[in-house]
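**Q** Here's the letter readout for the chains.
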Amino acid sequence: MGMSTLRNVRYRGMASCVPKTKVSNLDVAPHLKQERERLTRNIGIFERRICPRWQCFSDLAFIATEKLLADLAWQREEIDALIVVTQSPDYLIPATAIILQDRLGLSHATIAFDVNLGCSGYPFALHLLGSMIAAGTIKKGLVLVGDRSASEHEPLFSDAGTATALEYDPAAPPMMFDLNSDGSGYRAIILPVGGHREPPSFQHFIPTKDENGIWRTPYDLQLDGTAVLSFSTQRVPPAVKRLMEYAGATADSVDYFLFHQANRMINETIRKKLALPPEKVPSTLHDFGNTSGASIPVTMTARIREPLEAGPKRLVMSGFGIGLSWGTALVDIDGARFPEMIEA
Amino acid sequence: MIFLDSCLESGGVFVADIQQFIEQFQTAVDFQEAVDIQPDTELASLAEWDSLAALGVIVMFDMEHGKTITGTDIKACKTISDLFALLG
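For the record, the sequence lines run as chains A and B.
Per the numbering used here, numbering of the first sequence is gapless, rising by one per residue and ending at 344.
Per the numbering used here, numbering of the second sequence is gapless, rising by one per residue and ending at 1088.
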């Protein structure tokens, strides 16, 4: 589709919720310490948040939504749509959004469904709900974005759930988008077992040692680091430039550039290629890791919620990753609510 | 010609260039301790030659030389000279 503009859509607010439990990436066996320090330094991730066994992504998103609804003083019966963008559903089926419709006490007239997107998800989420609102058929909607992807032993991923509120408003400034997909790279980040191509079976529970000497089962996420790095650093900078040209925006006119928090090597390369000053590019890698599709909203909450509440701000947001999929949004925010980070 | 005499190695590789490349390589790999690296040093002999190092080298090629290389390109390299040759 390439570039597009949505009118009549107001960004009303956003809330983020992370688990209380923290995991330090430096908490490893003494003989692995030096190697882990090098890894941590390079990926820029020192601490992550991890759900306890009983906690799902939807539990975090539910709490974020309750807080946002209270802050906005929105009535539940006013909400026309509830979209969940996650790869960590409560169940493979039915959709988590429908379960949350009931749990949140929303009306039966609510449109509710899930979207299977990960790290790239936030710009797509805004575009999807925004398109429904721009068409004028629904007035108020919520989109919940995030994942539960942290594990004790791998150093990248961290858990978070977020809720964003959009509303029909003919006076709203336009939102602009550049959204892309390249399925030829679907193997770059994949959970190969458990779907219909390879249904779960006994042999999948037997761990095998990979080339780095790490024991894995096919139930573990497989991530081709070099492919993801090349994809991100080659595709994202031109996409951001393209959207800014389309919007007629200069880097000076943008207050903050929010990139998916992948890892420091990827994010710094993207920032340098776009010649952006670090103060305009907030990061939460250090203490929140890679929170998948939630990383853009989590960074907004953790780093810039006060400036966002203080006055009008122009943001460029860029999500990229699993799919492969990458999307950029230019959003003007004014008068929106950004509650403090919730820990649950 | 003084420059050529001092810089030209057998095979036509500029020593000055490969020395600079080795320095960039050492930064990119982020060695824990100083390592003596020569053009014929085997990558597999380096303790830190791992998946993280490959990421660093891809970024180094991109940012220092404007050259896009892949993980497959890197896997095909045995020595520092092989990596250097990817600059083309």
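No lab work stands behind these hints: they were computed from the structure.
Here a beta-carbon is modelled for each residue, glycine too, at the ideal position from N, C-alpha and C.
Any given hint could be a false lead.
Coverage of chain A stretches by chain B, computed from C-beta distances (three or more under 8 Å per stretch; other residues unrestricted) [as the list claims (entries may be wrong)]:
| id | segment |
| --- | --- |
| 1 | 194-205 |
| 2 | 227-240 |
A short list of chain B residues far from chain A (calculated; beta carbon distances all over 12 Å) [to be verified]:
| id | residue |
| --- | --- |
| 3 | Q1020 |
| 4 | Q1024 |
| 5 | E1048 |
| 6 | V1057 |
| 7 | D1062 |
| 8 | D1073 |
| 9 | K1078 |
| 10 | I1080 |
| 11 | L1087 |
**Q** Hint by hint, say whether it matches the structure.
**A** Outcome of the hint check:
Given as covered by chain B, the segment 194-205 of chain A fails the check, having 0 residues with a CB less than 8 Å from a CB of that chain where 3 are the minimum. For the segment 227-240 of chain A, the stated coverage by chain B is satisfied: 5 residues place a CB nearer than 8 Å to a CB of that chain, which reaches the threshold of 3. The beta carbon of Q1020/B is kept farther than 12 Å from every beta carbon of chain A, the shortest such distance being approximately 20 Å. Taking the minimum C-beta to C-beta distance to chain A, about 15 Å, the non-interface status of Q1024/B holds against the 12 Å cut.
With a least beta-carbon separation of about 7 Å from chain A, E1048/B fails to lie farther than 12 Å from that chain, contradicting its non-interface assignment. Taking the minimum C-beta to C-beta distance to chain A, about 9 Å, the non-interface status of V1057/B is violated against the 12 Å cut. At roughly 6 Å, the least C-beta separation between D1062/B and chain A is not larger than 12 Å, which violates its mark as non-interface. The Cβ of D1073/B sits about 9 Å from the closest Cβ of chain A, inside the 12 Å cut-off, so the non-interface label is violated.
With a minimum CB-CB distance of about 16 Å to chain A, K1078/B clears the 12 Å threshold, and the non-interface call stands. Interface exclusion of I1080/B from chain A stands, the closest Cβ pair being 18 Å apart, more than 12 Å. No Cβ of chain A comes within 12 Å of the Cβ of L1087/B; the nearest lies about 17 Å off, and the non-interface call holds.
Consistency note: the structure conflicts with the earlier hints numbered 1, 5, 6, 7, 8.
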